[in-house]
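So the sequence lines, in the order shown, correspond to chains X and V. Once you know that position 100 of the first sequence is 220 in this note's numbering, the rest is easy, because the numbers rise by one and skip nothing. Once you know that position 44 of the second sequence is 164 in this note's numbering, the rest is easy, because the numbers rise by one and skip nothing.
Honestly, I wouldn't trust all of these hints.
Claimed, not checked - When the alpha-carbon atoms are kept at most 25 Å apart in a straight line, the in silico SDA-like pairs for lysine to any residue are as follows:
| id | chain 1 | residue 1 | chain 2 | residue 2 |
| --- | --- | --- | --- | --- |
| 1 | V | Lys143 | X | Ser266 |
| 2 | V | Lys264 | X | Gly141 |
| 3 | X | Lys143 | V | Gly297 |
| 4 | V | Lys143 | X | Thr144 |
| 5 | X | Lys143 | V | Gln155 |
| 6 | X | Lys143 | V | Leu161 |
| 7 | X | Lys178 | X | Ser253 |
| 8 | V | Lys168 | X | Gly139 |
| 9 | X | Lys143 | V | Pro138 |
| 10 | X | Lys143 | V | Lys168 |
| 11 | V | Lys178 | X | Leu122 |
| 12 | V | Lys143 | X | Tyr220 |
| 13 | X | Lys143 | V | Ile140 |
| 14 | V | Lys143 | X | Asp165 |
In case anyone wonders, no lab produced these hints; they're calculated from the structure.
Number of protein chains: 2
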Amino acid sequence: MLVSPGLERLIQALNRFPGIGRKTARRLAWHLVSQDSSFALELADTIKSTVESFTTCKFCNMLAESDPCPFCASEDRSDELLCVVENTADIQIIEDMNDYRGRYFVLGNLLSPIDGLGPEQINSAFLLQRIESLDPDEVVLALKPSPEGEATIHFLSELLKNNGVKVTRLSTGIPFGGDLEYSSMLTLSNAWKRRYPV
Amino acid sequence: MLVSPGLERLIQALNRFPGIGRKTARRLAWHLVSQDSSFALELADTIKSTVESFTTCKFCNMLAESDPCPFCASEDRSDELLCVVENTADIQIIEDMNDYRGRYFVLGNLLSPIDGLGPEQINSAFLLQRIESLDPDEVVLALKPSPEGEATIHFLSELLKNNGVKVTRLSTGIPFGGDLEYSSMLTLSNAWKRRYPV
Chain X
121 MLVSPGLERL IQALNRFPGI GRKTARRLAW HLVSQDSSFA LELADTIKST VESFTTCKFC
181 NMLAESDPCP FCASEDRSDE LLCVVENTAD IQIIEDMNDY RGRYFVLGNL LSPIDGLGPE
241 QINSAFLLQR IESLDPDEVV LALKPSPEGE ATIHFLSELL KNNGVKVTRL STGIPFGGDL
301 EYSSMLTLSN AWKRRYPV
Chain V
121 MLVSPGLERL IQALNRFPGI GRKTARRLAW HLVSQDSSFA LELADTIKST VESFTTCKFC
181 NMLAESDPCP FCASEDRSDE LLCVVENTAD IQIIEDMNDY RGRYFVLGNL LSPIDGLGPE
241 QINSAFLLQR IESLDPDEVV LALKPSPEGE ATIHFLSELL KNNGVKVTRL STGIPFGGDL
301 EYSSMLTLSN AWKRRYPV
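This is chain X alone, in the form it adopts within the complex (with noise of 0.2 Å):
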């Protein structure tokens, strides 16, 4: 017997979240149910008016609850560099390096034509559209070495080369802490070949 159908609707949709399978989003909804329901309530608010609070950021793209964004907005942030990431929550992980003091640009996905992903998905247009008013010395494209990933920096290098901007991306190589021993083929065959004098 289904001991509580009511249950069902919460728990497939904590089940949308991705990484949140099945056991975990059952795991979730059952505490829902099982706390004082303030605890409930009160996030249902905090989901609902964080949402309602945010936008994007008509420069950078990025979500904000301001728009323009805090570092658009910025008179301390330098425009000679332009940081070029995935999604906004990217920018959180190249703040907390605490080293960049530059713009950035939130491309929303990355190309992928598989998944019906192309150029207007990521919103080259305006990218350049950015660069052009913002006119910096160096687009740095901070996205992860995945297939995707090396397909957009590909597609913006390739985009970008008349413009006489500089484009970089990150490093990649073998991360620190890693083991040779359980680095995949293409990590250690990509860190030999761009391996460096010491």
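Using the hints, position chain V against chain X.
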């Protein structure tokens, strides 16, 4: 720079789920604001409506959408067996076994004096009352063999000693598919003591 101070409240709310760490909470929060907002608003509504539709069964203490719950209300379930579980989610696990046709009782907690969880917090007086009115032949304590579970089993078996009802617990031992090598010493020595003729 903190990319989004407004997301912090949502991250903290999600972080309050057991088993959801800060990193996962951050990922879920970004997912909520990144998607078409209907996803998040629907989730918020589903949480709210589900939690508000749940109540506690006055007979067995289970979380259900009706009071009495479907198990206590059903005429198809036998009164001869009463299965005692820690929480409502455990009932689904036992129902999935598709073998049990008796009644249930939900303790809500396990005994843990160090956490302030005593006889009252496990509803032991309520359980006694339920046993008196239901008059089952056997009470199955389907609790986990953890220190808290063992303490609860010990306490309840003492409590029911003079009640005339047969009190049983689930078998303990090496799980099917488990390895002797990877079993804890406690599990192994318990399995040794409880060995049975083949």
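Hint check:
1. Lys143(V) - Ser266(X): Answer holds: Lys143(V) to Ser266(X) is near 22 Å, not above 25 Å.
2. Lys264(V) - Gly141(X): Given pair Lys264(V), Gly141(X) holds - Cα atoms ~24 Å apart, limit 25 Å.
3. Lys143(X) - Gly297(V): Measuring from Cα to Cα gives roughly 20 Å; hence the hint holds.
4. Lys143(V) - Thr144(X): Since the Cα atoms of Lys143(V) and Thr144(X) sit roughly 16 Å apart, the hinted pair holds (cutoff 25 Å).
5. Lys143(X) - Gln155(V): Within the cut-off at roughly 23 Å; holds.
6. Lys143(X) - Leu161(V): Holds. Lys143(X) to Leu161(V) sits at ~23 Å (cutoff 25 Å).
7. Lys178(X) - Ser253(X): Status holds; Cα separation ~13 Å.
8. Lys168(V) - Gly139(X): holds (23 Å)
9. Lys143(X) - Pro138(V): holds (14 Å)
10. Lys143(X) - Lys168(V): holds (21 Å)
11. Lys178(V) - Leu122(X): holds (20 Å)
12. Lys143(V) - Tyr220(X): Judged against 25 Å, a Cα distance of about 22 Å means the pair holds.
13. Lys143(X) - Ile140(V): holds (13 Å)
14. Lys143(V) - Asp165(X): Cα-Cα ~21 Å, so holds.
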